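Visitor: Those sequence lines, one after another, are chains Y and H. Read in order, the letters of the first sequence correspond to residues 1 to 430 in my numbering. Read in order, the letters of the second sequence correspond to residues 1 to 430 in my numbering.
It is possible that some hints are incorrect.
[Stated by the list, open to error] Simulated DEER-style distance windows between Cβ atoms:
no., chain 1, residue 1, chain 2, residue 2, range
1, Y, LEU216, H, GLY267, 54 to 62 Å
2, Y, GLU349, H, ASP57, 52 to 60 Å
3, H, PRO180, Y, GLU260, 38 to 46 Å
4, Y, ASP219, H, LYS384, 31 to 39 Å
5, Y, GLY313, H, THR407, 16 to 24 Å
6, Y, ASN95, H, ARG218, 18 to 26 Å
7, Y, ASP316, H, THR407, 23 to 31 Å
8, Y, ARG137, H, ASN76, 37 to 45 Å
[What the hints assert, rightly or not] If you want the footprint, here are the derived chain H segments under chain Y, 3+ residues with CB under 8 Å:
no., region
9, 39 to 46
10, 306 to 319
11, 324 to 336
Hints listed in this document are in silico derivations from the structure and should not be mistaken for laboratory results. Everything numeric in this text was worked out from a predicted model, so none of it was measured. The C-beta atom is built at its ideal place from N, Cα and C for all residues, glycine as well.
Number of protein chains: 2
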Amino acid sequence: MKREINYINFCAAGFGGGMELNMKAEIIAVGTEILLGQIVNTNAQYIAKELSELGIDLYYQTVVGDNPERLKSVLNIAFGRADMVILTGGLGPTNDDLTKETVAEYFGLELEMHEQSLNEIKSFFERLGREMTENNRKQAMIPKGAVVLKNDNGTAPGCIVSKDGKTAILLPGPPKEMAPLFDSRVAPYIKSGADSVIVSRSLRIFGKGESSVEALVRDLMNSSNPTVAPYAKEGEVELRVTAKTESEEKANLLINEMIEKLKSRIGEFIYGYDEDSLASVTVSGLKKKGLTLSTAESCTGGLIAGTITSVAGSSDVFGFGYTTYANEAKAAMLGVNKETLDKFGAVSEEVAKEMAAGAKKNSGSSIGVSATGIAGPGGGTSEKPVGLVYIALADDNGVICKKLNLTGNRERIRGLTVMNVLDMIRRRVN
Amino acid sequence: MKREINYINFCAAGFGGGMELNMKAEIIAVGTEILLGQIVNTNAQYIAKELSELGIDLYYQTVVGDNPERLKSVLNIAFGRADMVILTGGLGPTNDDLTKETVAEYFGLELEMHEQSLNEIKSFFERLGREMTENNRKQAMIPKGAVVLKNDNGTAPGCIVSKDGKTAILLPGPPKEMAPLFDSRVAPYIKSGADSVIVSRSLRIFGKGESSVEALVRDLMNSSNPTVAPYAKEGEVELRVTAKTESEEKANLLINEMIEKLKSRIGEFIYGYDEDSLASVTVSGLKKKGLTLSTAESCTGGLIAGTITSVAGSSDVFGFGYTTYANEAKAAMLGVNKETLDKFGAVSEEVAKEMAAGAKKNSGSSIGVSATGIAGPGGGTSEKPVGLVYIALADDNGVICKKLNLTGNRERIRGLTVMNVLDMIRRRVN
Numbered sequence: 001m002k003r004e005i006n007y008i009n010f011c012a013a014g015f016g017g018g019m020e021l022n023m024k025a026e027i028i029a030v031g032t033e034i035l036l037g038q039i040v041n042t043n044a045q046y047i048a049k050e051l052s053e054l055g056i057d058l059y060y061q062t063v064v065g066d067n068p069e070r071l072k073s074v075l076n077i078a079f080g081r082a083d084m085v086i087l088t089g090g091l092g093p094t095n096d097d098l099t100k101e102t103v104a105e106y107f108g109l110e111l112e113m114h115e116q117s118l119n120e121i122k123s124f125f126e127r128l129g130r131e132m133t134e135n136n137r138k139q140a141m142i143p144k145g146a147v148v149l150k151n152d153n154g155t156a157p158g159c160i161v162s163k164d165g166k167t168a169i170l171l172p173g174p175p176k177e178m179a180p181l182f183d184s185r186v187a188p189y190i191k192s193g194a195d196s197v198i199v200s201r202s203l204r205i206f207g208k209g210e211s212s213v214e215a216l217v218r219d220l221m222n223s224s225n226p227t228v229a230p231y232a233k234e235g236e237v238e239l240r241v242t243a244k245t246e247s248e249e250k251a252n253l254l255i256n257e258m259i260e261k262l263k264s265r266i267g268e269f270i271y272g273y274d275e276d277s278l279a280s281v282t283v284s285g286l287k288k289k290g291l292t293l294s295t296a297e298s299c300t301g302g303l304i305a306g307t308i309t310s311v312a313g314s315s316d317v318f319g320f321g322y323t324t325y326a327n328e329a330k331a332a333m334l335g336v337n338k339e340t341l342d343k344f345g346a347v348s349e350e351v352a353k354e355m356a357a358g359a360k361k362n363s364g365s366s367i368g369v370s371a372t373g374i375a376g377p378g379g380g381t382s383e384k385p386v387g388l389v390y391i392a393l394a395d396d397n398g399v400i401c402k403k404l405n406l407t408g409n410r411e412r413i414r415g416l417t418v419m420n421v422l423d424m425i426r427r428r429v430n
Numbered sequence: 001m002k003r004e005i006n007y008i009n010f011c012a013a014g015f016g017g018g019m020e021l022n023m024k025a026e027i028i029a030v031g032t033e034i035l036l037g038q039i040v041n042t043n044a045q046y047i048a049k050e051l052s053e054l055g056i057d058l059y060y061q062t063v064v065g066d067n068p069e070r071l072k073s074v075l076n077i078a079f080g081r082a083d084m085v086i087l088t089g090g091l092g093p094t095n096d097d098l099t100k101e102t103v104a105e106y107f108g109l110e111l112e113m114h115e116q117s118l119n120e121i122k123s124f125f126e127r128l129g130r131e132m133t134e135n136n137r138k139q140a141m142i143p144k145g146a147v148v149l150k151n152d153n154g155t156a157p158g159c160i161v162s163k164d165g166k167t168a169i170l171l172p173g174p175p176k177e178m179a180p181l182f183d184s185r186v187a188p189y190i191k192s193g194a195d196s197v198i199v200s201r202s203l204r205i206f207g208k209g210e211s212s213v214e215a216l217v218r219d220l221m222n223s224s225n226p227t228v229a230p231y232a233k234e235g236e237v238e239l240r241v242t243a244k245t246e247s248e249e250k251a252n253l254l255i256n257e258m259i260e261k262l263k264s265r266i267g268e269f270i271y272g273y274d275e276d277s278l279a280s281v282t283v284s285g286l287k288k289k290g291l292t293l294s295t296a297e298s299c300t301g302g303l304i305a306g307t308i309t310s311v312a313g314s315s316d317v318f319g320f321g322y323t324t325y326a327n328e329a330k331a332a333m334l335g336v337n338k339e340t341l342d343k344f345g346a347v348s349e350e351v352a353k354e355m356a357a358g359a360k361k362n363s364g365s366s367i368g369v370s371a372t373g374i375a376g377p378g379g380g381t382s383e384k385p386v387g388l389v390y391i392a393l394a395d396d397n398g399v400i401c402k403k404l405n406l407t408g409n410r411e412r413i414r415g416l417t418v419m420n421v422l423d424m425i426r427r428r429v430n
């Protein structure tokens, strides 16, 4: 859970050192490209996640363009609410890049040439075999007294400026430079002052909506340590349990106790934890039981197979997938009876069952699954509306079928069908 | 070029109406998940891009958690700088979701039950076959006098609250609900007040990277009206041509002139315009020529078929898909020779060609395509490294094959393979 610490700084002056606990931080992303949506602000997400792991409170994030006036006003607002402000972007060599200048002005500090950084930049260009331009020198100018953060992946060093209980941490904008710099230098800097540990674990839930889950565990969501918070994602719900204590052992203890309580309420709907996905638990469940799977797909058109094979190593359990979009394909590839198709239509329990049984039989796999339905936007009737989907599973115990009434657009209906099929396999295998 | 406008609102009271031009907007994303970096703030990016197209100035973006006090203070700051504040998130059914309540309080308005929205929510749950919980009623509570924005993809309607020259636009947090709501209802609302017209058209480019495209059209990118701006997406490049004039006709004239210039430089790499995707142009190309397609997939595991069938109406051209993840499946389902597999290995030009030919033959389609490769992370060797993929196409003129050397993780390699196969079909059909 702990990262390796590789904390190199050239400490130009006396301040720096660790952060107090319970300090409040803010993130300011500087850059017109982010402001206008040309790139997405992944830096803020990255830093926010890291701060949360470090136990630093974060209440606001801001984005502002490459404009010193507006950046200054944003800095003023941020330091009115927080002790530590982390800025990304605006450390480049161009005239637009003014974060250091603006922060130095805010703190009433001069910029001065940092020789060690200048040498780093020079040798960076030498290694690249390129000539260093004059404006790259600007990148080695640092607010007087700042802690300089060496950038191993680019020319712009970061820096930490502290004065009167306020700390600004300046980091380069490119995520490939920012993230390693944060991990190797900023996190250890912050940690060196922290005395508590935050651990969290996520429960992944399928088959119940966010409000139904909440209704079942509302009292537990009032717990203050560990906290329990729900997050709705497409088709599923995540419950995150987070503990903040003096040691990792104690945090895990608190979390495990809470998870037991949650399990007793919503056990069967919990399909996994943390980085698990329906596809990954399905594949590992099949693997554990030594079972193999084949797919027969109509409305999902290959997505069930595509989702299963998104899991590395799925070839141990999956070899054959039949995408039978046309009725002739259902007959030719899966042996679905023409009479069944004629009598009940392609979107029917009967056809879904024959598809699943055909996939199992023709592939020789332990389990065959199928999906047939109306994904829309066209093709619906009052009897068989858009969103009507039949999914089936055939194994040595027989064939089961489930009727789904899904809503939303074509993409959503197909996506939810895939999830329902995976959950059907998961439940059958366990 | 124009999006279909489907602007349905239930205007509860008299205000609403269009926006003035040169108005300043801000974006506030509300949600602890975004604040703490559990999800990335793609909503802000989406809205920022759209505002920029609409000619609305945007100087700040803010993120704040599900906390009414802090949201209120952020609203105060935002309305001190801007006339229009667009908020996303916090419209859900849970007790944490307090955006509407906070905005109503800020404007000094009551919340009242909006019966039409309540009925929409009820029928949403009916279609789902699930019971509506009491807390979903909360989603139909709307600040008095607000313009209600019907949400076609979820239960939370959006709304527009205007008072004293300040306008707050509240949108749901899930991107799949927010984006269509913005496009279908908010953009027309904003446009209706503008006195100049902004029209843009996107060229979709596959097979050339952003910097190569830029190098070919750099001089055209200096044009000020229309502007030409590149956007890199996964695997493809979009060039957006935007004109701002007094009429739509004049704007279209300027845009078409520019497009002709761009075509003369990068013609063959332009696969489509605006909402086109490689899948949609492939399907419509096949349809026009009266051709049918089948797929034979190894490393993509069904995703080529899944991507083709993401296009509504693809059943006219696609009926049979073979996901042959195992070698036995390649032999049994596609008739790939065991000797070819043994001699050259599954990832080889020879197997790719036999797979494509087998798909064409067994399905009776005009074209068969295939993909076989090493998607990683395991399974690579020095001879056949991760990212090596062969794709092939068989039609009545014979079989062609292309070797790809892709980089990135499993998901990216599979995604780029799908795009390359679609582009191969597109080029062959045209």
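Visitor: Are the hints correct? Go through all of them and say.
Guide: Do the hints match the structure? See the list:
1. Y:LEU216 with H:GLY267: 54 to 62 Å: holds, 59 Å
2. Y:GLU349 with H:ASP57: 52 to 60 Å: holds, 57 Å
3. H:PRO180 with Y:GLU260: 38 to 46 Å: Once the Cβ atoms are compared, 41 Å apart, the range 38 to 46 Å for GLU260 (chain Y) and PRO180 (chain H) holds.
4. Y:ASP219 with H:LYS384: 31 to 39 Å: About 56 Å separates the Cβ atoms of ASP219 (chain Y) and LYS384 (chain H), which means 31 to 39 Å is violated.
5. Y:GLY313 with H:THR407: 16 to 24 Å: holds, 21 Å
6. Y:ASN95 with H:ARG218: 18 to 26 Å: holds, 20 Å
7. Y:ASP316 with H:THR407: 23 to 31 Å: 26 Å Cβ-Cβ, so the 23 to 31 Å window holds.
8. Y:ARG137 with H:ASN76: 37 to 45 Å: Distance hint for ARG137 (chain Y), ASN76 (chain H) holds at roughly 42 Å.
9. 39 to 46: Result for this restraint: holds, n = 7.
10. 306 to 319: holds (count 10)
11. 324 to 336: It holds: at least three residues are needed, and the region 324 to 336 of chain H offers 7 whose Cβ sits within less than 8 Å of chain Y.
Hint 4 from the list above is the single one not met by this structure.
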